[in-house]
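*Asks:* Produce the complete structure using the sequences and hints provided.
Chains as they are written, first to last, in my numbering: chain A, 1 to 251; chain B, 1 to 325; chain C, 1 to 257.
Among the clues, some could well be false.
[Stated by the list, open to error] With a Cα cut of at most 20 Å, we get these calculated SDA-like pairs of lysine to any residue:
id, chain 1, residue 1, chain 2, residue 2
1, B, K79, A, I30
2, A, K29, B, K301
3, B, K132, A, S202
4, B, K301, A, I109
5, C, K37, C, L176
6, B, K132, A, I120
7, B, K178, A, L248
8, A, K121, B, E170
9, B, K98, A, L34
10, C, K136, A, I120
11, A, K160, C, L176
12, A, K201, B, G162
13, A, K29, A, Y52
14, B, K67, A, K162
15, C, K107, C, H79
16, A, K162, C, H79
17, C, K133, A, R246
18, C, K133, A, K3
19, C, K157, C, H79
20, B, K160, A, Y52
21, B, K167, A, W115
22, A, K167, A, A141
23, B, K98, A, I30
24, C, K111, A, I12
25, B, K54, B, S311
26, B, K178, A, E35
27, A, K3, A, S20
28, A, K162, C, E76
29, C, K107, A, H163
30, C, K133, A, L248
31, A, K121, B, R148
32, B, K79, B, G162
33, B, K167, B, T133
34, A, K160, C, K155
35, A, K167, C, I109
36, A, K201, B, T177
37, B, K149, B, Y251
[Claimed, not checked] Only part of the chain C face toward chain A is listed, based on derived beta-carbon distances under 7 Å:
id, residue
38, L59
39, W93
40, G129
Worth flagging that the hints you see were computed from the coordinates, not collected in a lab.
Remember, it's a predicted structure, so these values are computed and weren't measured experimentally.
In this text, a Cβ means the ideal position worked out from N, Cα and C, and glycines have one as well.
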Amino acid sequence: MKKLKIILPFLILLVWQVLSFKKVLPSYKIPSPLEIIDALKTLIIVGLPSGYRLHGHALESLLRVGYGFVMATGLGVPLGIFMGWSKNFRQLITPLIEVVRPIPPLAWIPIAIIWLGIGIKSASFIIFLGAFFPILLNTVAGVLSVDPILIEASKTLGAKDKHILLKVLFPGAMPNIFTGLRIGMGIGWMTLVAAEFTGVKSGYGLGYLIMIARDVQRPDEIVAGMIVIGLIGYFLDGIFRLYEARVLKWR
Amino acid sequence: MELRMKILAFFFFLSLWHFVLPGETSAQKIRMGYLQSDLHQLAAFVALEKGLFKKHGVDVEVAGVFKAGPEEMSAFSGKSLDIGYVGAAPATVAVANKVADVKIIAQVNLEGSGIVVHKDSLINKVDHLIGKTIAVPGYAQVQDFLLRKILIKKNIPLEKVGIIIIKVPEMIPALQTKQIDGFIAWEPFIAKSITQQVGKVLIYSGEIWPKHPCCVFVADTNFIIMYPQKVKAILKAHIEATTFINKQENYPEIVNIGVKYTGMDDETVKLAMKNIYYEFMPSVEGELEYVSFLMQLGHIKIDHAKQFVDSIIEERFLLDLLKNE
Amino acid sequence: MKEPELEIVHLSKMFTSADGSSITALKDINLRVENGKFVSMIGPSGCGKTTLLRIIAGLEDSSEGKVLLDGEEINEPGHHVGLVFQEYALFPWRTVLENVEFGLEIKGISKKERRERALQYIITIGLEGFEDKYPKELSSGMKQRVGIARTLINKPKVLLMDEPFGSLDDQTRNNLQTHLLRIWAEAKKTILFVTHNIDEAIFLGQTIICLSPRPGTARKILKVDLNYPRDRTDLEFNRYRKELQDFFRTEMEWSVG
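*Replies:* Listed below in structure tokens is the structure:
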């Protein structure tokens, strides 16, 4: 079974390449694996547009996602802990959250540009919106899932409110917080492509790259860009899981 | 359980089939595309508004209105359009990269673009663009070409100007909030920046490359092969529309049609039209220029430029019609 | 005579049940626990002993009456009244050491000092070498020992214990009982120990308070005049056992009848 897991992707690629070669799969609709690899090489060495190389695009995108994600975490986790802790506050603020949450980040783009201009601020804002809600809601769930008896135990050990928030609720909610972070990062990364359509002042970005590839009608470069986006997303997730396993080794 | 699985599988394959099937070319309605709020394509608006297609015996429906040329070419690629008004550069790129298979059957307009800067800006020469940020509608488009052409002409290294891509409707707000120092776009957005008191024109495209061809009328190659008579009829409508525009006495009506289809006001449309020439004869040299520009930038690879240009321009029908006039 | 450490005065607790009717969980409890005494509290399930402990600890309010510690009323939880839970309630994300030093951390004691003190207590409860283990790696008996150390390190005036050995097997339970008595002898703490196990109550307590259910009232107080360490097979021990068994049998008849 394990062998099949490794062989299967290669088999698919092989069949795909043969079908493309035989012109069964039209090249302009579905570039062949070899064409995609070629395009990837071009993107890495020459860049698109010329001089704007792949690593520059990737780095800039990571920067934007990182910026948006850090903001989402910085606001989402403390707010979530407080919401989980105080029923009154939670009931007060939940309607507002539930109305804003369904608005897709992309719908914010025109307003984001008016408020923040084109550039890393508006792109990061869109990503922030994508990442914020999973982080917030998972944090709240995490806090609510902390066994009340732990809170009582801490009280009998002398804990006051601020201690309970910091030393019981926050660590107790960690498993859920991590889930929220991982999901938030995933959504943030996905929102990236759309966010970079708002206009990218620096001329770098993976989403922007795909937009250009579409403009110059290079489906092979489009797919190559998509694959890079997918791979980076996969690695980001993996990094999160590793860190999560270390921090949550007490489970 | 068995039966349920079979039904599920049936619907699954049915939907799969639906997606995999190639788009159909309707034998009845002809599917046309054009660019949103692009005054260059006034002939299309006139033909639609005055029922000229129907008059010449063809049933044309608007199957897509696009924000930019490459998007429209993608629609051709997906076989969703039969004919379209689109920029020469995106059409050339799509054909050269074998992503779409269309022929240029007529010209649509000449000139009609320009570089706009903020009305309070100190930029009054192209040289002042060094170190500034200028927006273009997209790479490998007519406006992108024009900007680079003038920069090269003035010996300004391209890296010294920050060229970024913004959708045309978003350019004026971006200029107004000083996010960008200038933009190059098609009419009526240039006129609008003036009437909206946001910008002033640095240089019109006609000064960069006099009488340069801009938008072209293309048709899907298969469509041409299958329905040559319809192509002729469509061209008749296009010629009639273009001729109509160029007659002085029709000016008020033209302006109204321009206002209706671009959503801009009277003043803007009138100002914009001063910058556009409406012409239906395709230009081989113009197309050659585009081809060499695109090759220079590495967006396309053509072995024989002249051969390519000859194959993409399909003048037969047009010449036939004019002979019979 | 010394001031009683813990005094419970006319304590009552009423709940409103789902259908709106009032349930009296505890009725007019009056108790005095003297300094340094080990008091067992015993009663069948539903007699409100856990509720009583929680009120004393300040985790719940009484409906009537009050709890006095050293003459002062207790309204909220704090480290002066320690509570050891039946479910251990260890912080799973903290190691044994970090669990034990929790109270000191709250007080703001330096890392070095609280680590030293915590290690001492860890040695006292016989878990030397386990300080960096997480609760998931400990046996139930070990967990409860950590729970006890964690509370004792705060030097509470009174130690409340809510059926702490209830989920343990006989062997471990007996070990921990002996262990607890040793700690009590050294630390000279006032302990209020709740259990439903008659043997345990007699083995540990100098005084036994018997609670009967519905409503919870302190119906009988027994002084156990035996020397430590006590022998479960002893004749006197058996006499106390019979007395308590008889008492509870009648109580059961009372509540059933």
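*Asks:* Would you mind marking each hint as holding or not holding in the structure?
*Replies:* Tested hints:
1. K79(B) to I30(A): holds (15 Å)
2. K29(A) to K301(B): holds (19 Å)
3. K132(B) to S202(A): Roughly 12 Å between the alpha carbons, so the hint for K132(B) and S202(A) holds.
4. K301(B) to I109(A): Judged against 20 Å, a Cα distance of about 36 Å means the pair is violated.
5. K37(C) to L176(C): holds (18 Å)
6. K132(B) to I120(A): Between K132(B) and I120(A) the Cα gap is close to 18 Å, so the pair holds against 20 Å.
7. K178(B) to L248(A): violated (48 Å)
8. K121(A) to E170(B): Distance of about 17 Å is within 20 Å: holds.
9. K98(B) to L34(A): Holds. K98(B) to L34(A) sits at ~17 Å (cutoff 20 Å).
10. K136(C) to I120(A): violated (45 Å)
11. K160(A) to L176(C): Roughly 31 Å separates the two Cα atoms, so the pair is violated.
12. K201(A) to G162(B): holds (8 Å)
13. K29(A) to Y52(A): With Cα atoms ~25 Å apart, K29(A) and Y52(A) exceed 20 Å; violated.
14. K67(B) to K162(A): violated (54 Å)
15. K107(C) to H79(C): Holds, at about 10 Å.
16. K162(A) to H79(C): Holds - the C-alpha atoms of H79(C) and K162(A) are around 16 Å apart, at most 20 Å.
17. K133(C) to R246(A): At roughly 15 Å apart (the allowed maximum being 20 Å), R246(A) and K133(C) satisfy the hint.
18. K133(C) to K3(A): Violated, at about 39 Å.
19. K157(C) to H79(C): holds (8 Å)
20. K160(B) to Y52(A): holds (15 Å)
21. K167(B) to W115(A): holds (18 Å)
22. K167(A) to A141(A): holds (17 Å)
23. K98(B) to I30(A): holds (12 Å)
24. K111(C) to I12(A): At roughly 58 Å apart (the allowed maximum being 20 Å), I12(A) and K111(C) break the hint.
25. K54(B) to S311(B): Violated, because 29 Å separates the two Cα atoms, which is more than 20 Å.
26. K178(B) to E35(A): Since the Cα atoms of K178(B) and E35(A) sit roughly 41 Å apart, the hinted pair is violated (cutoff 20 Å).
27. K3(A) to S20(A): violated (26 Å)
28. K162(A) to E76(C): Holds. K162(A) to E76(C) sits at ~16 Å (cutoff 20 Å).
29. K107(C) to H163(A): Distance ~10 Å between K107(C) and H163(A) Cα, so the pair holds.
30. K133(C) to L248(A): holds (14 Å)
31. K121(A) to R148(B): Violated, because 29 Å separates the two Cα atoms, which is more than 20 Å.
32. K79(B) to G162(B): Violated - the C-alpha atoms of G162(B) and K79(B) are around 36 Å apart, more than 20 Å.
33. K167(B) to T133(B): holds (15 Å)
34. K160(A) to K155(C): holds (18 Å)
35. K167(A) to I109(C): holds (15 Å)
36. K201(A) to T177(B): holds (14 Å)
37. K149(B) to Y251(B): violated (33 Å)
38. L59: holds (5 Å)
39. W93: holds (5 Å)
40. G129: violated (18 Å)
The structure fails hints 4, 7, 10, 11, 13, 14, 18, 24, 25, 26, 27, 31, 32, 37, 40 (numbered hints given earlier, in ascending order).
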